[in-house]
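> Here the protein sequences line up with chains A and B, keeping their order. So for the first sequence, the working numbering puts the first residue at 1; every next one is plus one. So for the second sequence, the working numbering puts the first residue at 1; every next one is plus one.
Hints are supplied without guarantee of correctness; some may be wrong.
As the list claims (entries may be wrong) - Facing chain B, a subset of chain A residues (Cβ under 7 Å, in silico):
#: 1; residue: N44
#: 2; residue: D246
#: 3; residue: A347
#: 4; residue: A348
#: 5; residue: T355
Treat the hints as calculated values from the structure; they're not laboratory data. Keep in mind it's a predicted model, so treat the numbers as computed, not measured. In this text, a Cβ means the ideal position worked out from N, Cα and C, and glycines have one as well.
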Amino acid sequence: MHKITFYPIGNADCCKIDLDCGKKLLFDFAHYKVMEDDGDLRINLAKAIKDDLDKSDRDYFDVVAFSHLDSDHINGLGDYFYLEHTGKYQDDERIKINELWVPAAVILEGSLSGDARILRQEARHRLKEGKGIRVFSRPDALKEWLEGEGIKLKDREHLITNAGQIVPGFTKENEGVEFFVHSPFSKEVDGKTVDRNSASLILQATFAFDDIDTKFLYIGDTDWETLTEIVDITKYYKREERLKWDIYDLPHHCSYLALNSEKGKDKTTPVDAVKWLLQQGGNKGKLISCSKPIPSNGDDAQPPHRQAANCYKEYASNIKGEFVVTMEHPKATAPKPLIIEIDGFGAAIQKNIVTGGSSIVSKPSPRAGGPIVR
Amino acid sequence: MGLLSDKYINFYGEIIDYKNVTIPKAIGLVSSINSGIIDFVTFVECRRISWSGNEAVIFDINVKVGQETVYDIHDVERIAAVFDKEDADKPTVYALREDFPRAPHQYVTDREIPRCLCLYEESYDEIKLSWTPTQFIKRISDWLSLTSKGKLHGKDQPLEPLLSSTGNKIILPHGLFSVEQEIKGILKVESIENETGKLILIADRPTAYSDIKSIHYALTIVGKPQLHGIIREEPKTLKELDCFLASAEINLLTSLRDMLSEIRDKKLSTEVYDAHVIVIVYLPKIREAGLPFESADTWAFWFAKPIKDLGVDLGIWELNKGIPGTIIGGFDKNKNGENSKVLQLSVTYSLSRQAAAVLNGLENRINDKITIIGVGALGSQLFMNLVRSGSGEWTIIDNDILLPHNLARHALIGNDIGRSKAKSMAYWANNTIHGGNIAHAITADILNPSQHETEIKKALEESDIILDISTSIAAERYLALDVQSRARRISMFLNPTGNDAVLLVEDKERKTTLDFIEMQYYRSLVHMGLTEHLSSVGYIRYSNACRDTSSIISQDNIAMYAALLSKAFRSVIQNDNGSINIWSTKDNSLNIDHTVIEPYEMERISCGDWIVCTDRYLLDRLKELRQQRLSNETGGVLIGSIDILRKIVYVVDTIPSPPDSKEWPTAYIRGYKGLQSEVERINRITSNRLEYVGEWHSHPEGYGCKASPDDSKAFMWIANYMAIDGYPALMMICAERTAFYIGHIENCGFQT
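Okay, chain B solo, but in the shape it has when bound (with noise of 0.2 Å):
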């Protein structure tokens, strides 16, 4: 029972009694509650309204109610619950205390009162599922007893539309009109003929007046904060409009008046009578009352009549030959716009940066200037997942063109065969996001820019990130090495199969260049024995390429490696710290697999006009070597890479001593056995980016790193082999530290 003074409203409809009730989610509900079944529910009485068929089951519910309440509902309150005859639409649910509070959740109708409480968020074709009067009872319990800790809404939750949507829409550009001014003007606005029977219309700003196919004026408005939760019917003439704004404290009728005469006094073309009005509200909201505002709704509100019969309905005019004239004394008092329909139209913004980044679940957008280099299948794909995470300002350097083979992988669509994929892509992005482009393209080829060179170097040198998916080794060593810039270079690629992924991607401060981070994921493929990864398929490639240009790939392994490398690409940009990444799956497989390796940082030491380029691990391990042999001498093969164009020899690695090997304290005759099989292993593995580079030996404690007459001799045993290819001779000698003899044995250069 509830309290005594509280005081219920007599619900509408004829009482009838409980057995004669004909709907059958009505009679479930009452057998339900007076089966006693269901705990703190008790029946009161049955009603049928007669002109629509729907019966009301009315009871008392019995909810949990704390002492201190945010929104004051009862231990027990009066409800009743009206089905509909057809069961078309979702029971309906009111509170019938004269005094219950309007809170969040709840449908405002034509009356006041009863309260009507919004207790579902799904459709009812989703509720009807698993509707049982139990759950029904439970939901309203939960409503009310939620709702008097002001906890219904959760925290987390968005606030609530203050309109239902009726399925009309308008697409603003964003930030077109901002909170803080009001802004008539003129809108460009385009119908979209679509078979949903709705109206939608998309708005932008007219750059020329011959653009302005349909003219729109928009009147824009800023409301008070109220009280989100609150849920309105549509208004649907001027007048409904008028009284919905009111309680934004919105002169709505003032605003439009004065803007029709605005537009009449400045004796404009007549077509401007023609034009319709559209008026976007902004209706700040407020979680709670005393809470500070939130968020805000934005409605448009399409006008059915022309201008010229809008001033009549407004009584601001009276058409003389289609003419507007005017009123004397202003404007006709009775008039406010009751024959004015108008179409609610719910407000979408078109797509800004920060809005996809926010749709993307980024707390922060990256705002990068990136550029990035090869835009063919992995790149397109790669390059749309982060523009459309609002990603980055982009330079898109490409000069290749889409042919019909590359639909099959490519981001690109049929349209743009024959176009540039850089050009094409930036379009694509640009009209992915609105706004300022994102995107930019020059189609060049990066090694041969002809005259595109100075806008590469400057898009290049304004870079925070050098993006390199062009699968070229020549571009990625260009774009590391020759190119002034501060940008981080970042490699990716696909193995020959597709099966792999790598992501090479420097330090922040550049202490070891992707050249050689490209030369540590070598020595780690030989380390991981993975000799799969790239060797290609089914044929002997005379290009020698390791990352694939053009071959067969299934456009799931490019649209998976793009997902996860620009999801990967966001997260490393993150830290500071430089790593190779490989993913590898197996064919057929859907597992992928993922190794992270942390570089070693490079150390470069000169030797003449040469830089052998080197690091902690190949030195420690060389030291390494030597210490378990002392008071011997020691030694091995050098393995690395030589880049003849820029005169850099790059070691990483070392096969140790072979078995047949002769070592002394002094000398040491470097054996042969296995050493081939080795060599070779390695060439397969690295698909010959990692050969031999040359020897190295250890001297004994004392002794230090200078070239002995012996090991004069021996330097000119390498060169004459090396000769043959046209490679610089190199050795190293280790002793308590490193020294390097390169090309002629006077030049050296020493590591401490």
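So that you can see chain A by itself, here it is in the shape it has in the complex (with noise of 0.2 Å):
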């Protein structure tokens, strides 16, 4: 079986994919975790992540994405992941990446700083290489990038893949999973100024198991305007079936701005595209919000909004599916990674019964045994 698993790390993303073959991929990173606050429930996500390697008794992913430079994407990357451009990232206890996935914006932005600087040396270093990165779209400012350093385009056009095709080195058949690129666009990038969230990576990823296609929607910081035009151009090629879901990373941790730029009051109606996009999804599909846990009233303006919670709700609840928060799984008291398994019988969300004596052993006893200090 694959598994999806979402980590509670409150208003970021990162998902990490375990293929039946295997394989292992991850989407975003974000550690935040504040060790010294007891009430900081967010998961050590740097730990979680490096357990599940030690696990399979690994260093390295065979994927890492980024959809996009924003710090809930990316925070912690630089002190987490080995990276190739500088020794100064290399120790052993890092996390390897075999091949690095980023949009073109990541390579050509300017005046940037902290990780996400990081992140645009390291994926600057591995395309003049040549290997270890796929970047998506091939906006003319990525042929002038690579001329100004004196690469032709075409000895690069391999590592490129453009939104409406498929990610190369995943089939149905071999790896269990193929993607579909939705988005960057070329054009977005063109302009003077890039706009982060609508060139971020999104994806749709089509699991096989036993002949069921199971369909995984990775949508970044995405805004209504945004699914709206790629909702209009998926249509014009009259490819709908790449906007089904079974499994929605609803956008920008449940803000009313994925879905409309009114709020409403208690519900926010989302714009025609958008909800003809909620109407693709599979019975019993699983809508994710990787947020905080959404407030019962109230207006803040950061997400989540219970407008657009509620919203979605609905629409789970059209397909008898389920709307799950990551910062409340399996409750807002003690969250936990959130993990969806795909199997011949589509996608299904694991809820374990923990029974004592199979936890106490997966975690270090308190400290025992010292002296009576009298």
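Dock chain one against chain two, each of which comes alone in its own frame, and use the hints as you go.
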């Protein structure tokens, strides 16, 4: 079976894919946990991911994809990943990346600092080396940048995938999955200012198991305008099946802006294109909100927005599906990674009843046996 | 929270505050749910059932369910767990959703809904040992999740029975009621007294009418396939039974009315009306809707009322002075057997060959015709092991009778003292495996069969395998060489101490016969230096026997080796190769060592009226020794055995040229340093089965292997010595090929 794991990291994204064939892919990474703060319920992401790799006896991911350069998708990458562009990030404790996936904007953006800059440098290094990277979309600016580095576009063309294409290296027959690229579009990057969200990586993964296809839409931080554009283009090319989903990683931590400019009083009404997109969910499909718990009332400017959640709940209910929030799973007081199993029965959310004995042996015991100090 | 469209039934009993729950397990469950330590469960309410005092805990459980489902389980299901006031029975678990599907592993109660889940296979006494609220919830969660995939019932797990067993049983002769046909008829039924309080009936075909002590009329009915796993409650009356069988599209009332009318119309003796009816139903089951028939339940129902009263309950007759009359208009539709009690009986079949094989884990039963010679301690136990696995169609040959001292280590029991072992073994075998006789006995000595000669000859001729457990070398040789049969010969025996066991197996084509495999076994003992193997304990045997007939051996060892050898027997006959197997254990040790030796193919060379039997091992060994000494001649003595009766010399080994021998290019004088002690060592290890049988020497290259005048003289020298024992002289001359001279110098054979 294939597995998708969403980690409880607040309003941030990180999703791990374990393919039945053994390959592991990571989509975004944002380590925020404040260890000293007992009230911080977010998972220690770096440790969770390291532990998982240790369990599989490996130190690398086959693919690590970053949808865009916003902090809630890349935070801490400089601390935890093994990066090839400089020796500074190369100790054995770090997570290795066989293939790095980034939208072209990551290469092209200027005036960056922190993890965004580190990722850009790594992506540029790999693209210059011509290996271990895949770039999404091919704007003219990318060609110019390559020429500036003395590299011909045609020598790097095999490392570039455009919207409307299938990502090479993954097939339903061999790896049990294929990735269809919806975004970014080149034209948006060609403008003077680069809008990171609308240039982020959006993919539809189709998992195959026992002749059953299960579709997963990975949508970064995308607003309703971009979604509308994707819907229009996809319909134009008559590829509606590429927007079907069984698992919908809903955009921007349950922000109403991914549905409409108007928040609505209790429920956001999606614009027509987004409404259509939400209706593409398969029977008992899962809508995942990578976010903090949904507030029961109030109107915080920051997501998640309860009005947006109510909208998603309605669409989940229409398909007898589930709407699940990462920081509420299994309960808001003790969130745990949300694991979706994909097999011949489609997608199913793991809901393990943990019995005492099995859980205690999966964590260290507290300190005991010290001398009594009088 | 469940789907808005989900509707739950209102569970019975009055709602009580969760703090007022009194049954300990219910309290435990409620507090575990409310404490929040169990994920994915939400408390709903508690209820108390006034008439029983039982308490129900109702909660919602959120479970892993895929998008596709075999049974439509929802993400959230509402569950009621009813706890028994006295904790005498396992908690009953209901799914409260109105349209919760019917699926395997549910109980059918008197109501259709709520559906009642069957969570446990174990008895409550077992479950109690480890019951915790969390594990209980987990069990429910797993039940729901696996049922959604149709995987609760493992693909390799047998289908569930349609009814739960009451403990009452009827044993039917296997194959009595075949699937295809309905048989109505008389059964001989015997009730077995036991102390369990349960009814145990044994049914068999009557051999004669006078056999029948209690008459039972049997009616068998075959139903239509139905989904397994929905376990129903025991029908207690004819009417309930009729309802139960309706799901298999069986109209029981009609069938019974037909049968009873027929009995009346036949005008049998009036005794028939005092007989009881047993209805035997064959109910095919399927795993999932749409899948083909997989297995069947057979259930029997014993009718408490005799036929005359049953007819009244079915409305087909009235009794007139105890004699059935007729009813105008066929039958009274209002009488449907409400007043006729039935007793549900689990059906068990007598043990058939095939069933015995299956129960022993054998995919294919061994149906070879086997003649076993010797059912002593080892033979009797090994034989029963094989019979219990349904293996073989047997002829037993043994002329011994059972005596009290045999009981220490024999499969037979005291009842059989003074009887023929062969006949008694056949009796027990035929009473163990039901059906045509699996064993046939001939009480005779295989070597002196007298009036049984023809019978034995026929049995051996028709055998696929002749199994010698006679402990007699003479019998083994006879079976190997003098019996006309294509059967493969296998011999097994214990050593004198009973610490070791030996299994000698011919190859299927019989290229190497048992007698020569025996010789190779002795050679192996010498090569392995097994000095203890054939030595006997404490006293010297005049008999020289190296297979034990009767001595001090523990039953533990006999049983252990009977088990090991019956398993080995089944294994070796699966392939065509010959083999020599030796198992050995030290006194008081619980380890057994196993050595397998692949026999060399036998070479038989005729020399006049004698036959020399040897193999590649020896011929290659001689070649090698010659090669080492070229251009000189070399030689040595030959080790083997002589069968005077059949004029066979077995030659299996050599003691190479002693160190004081003289070796020249054209002559050889064998020395004797250390020779006698080596021959004695071989005698000792093999209990004199291998001994000195002759001499060999080599000829240099280009001289051929024909005997020279010197060789003829040497041959005469050997002949003079061998004549003392009445043995023939044997000389082998080894050149590019090997010549054998035996008895008289003109009796020669060549091997190429």
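> All hints, please: hold or fail.
Each hint tested on the structure:
1. N44: For N44(A), the interface hint is violated, since the closest Cβ of chain B sits about 20 Å away, which is over 7 Å.
2. D246: 6 Å, holds
3. A347: 6 Å, holds
4. A348: 4 Å, holds
5. T355: 5 Å, holds
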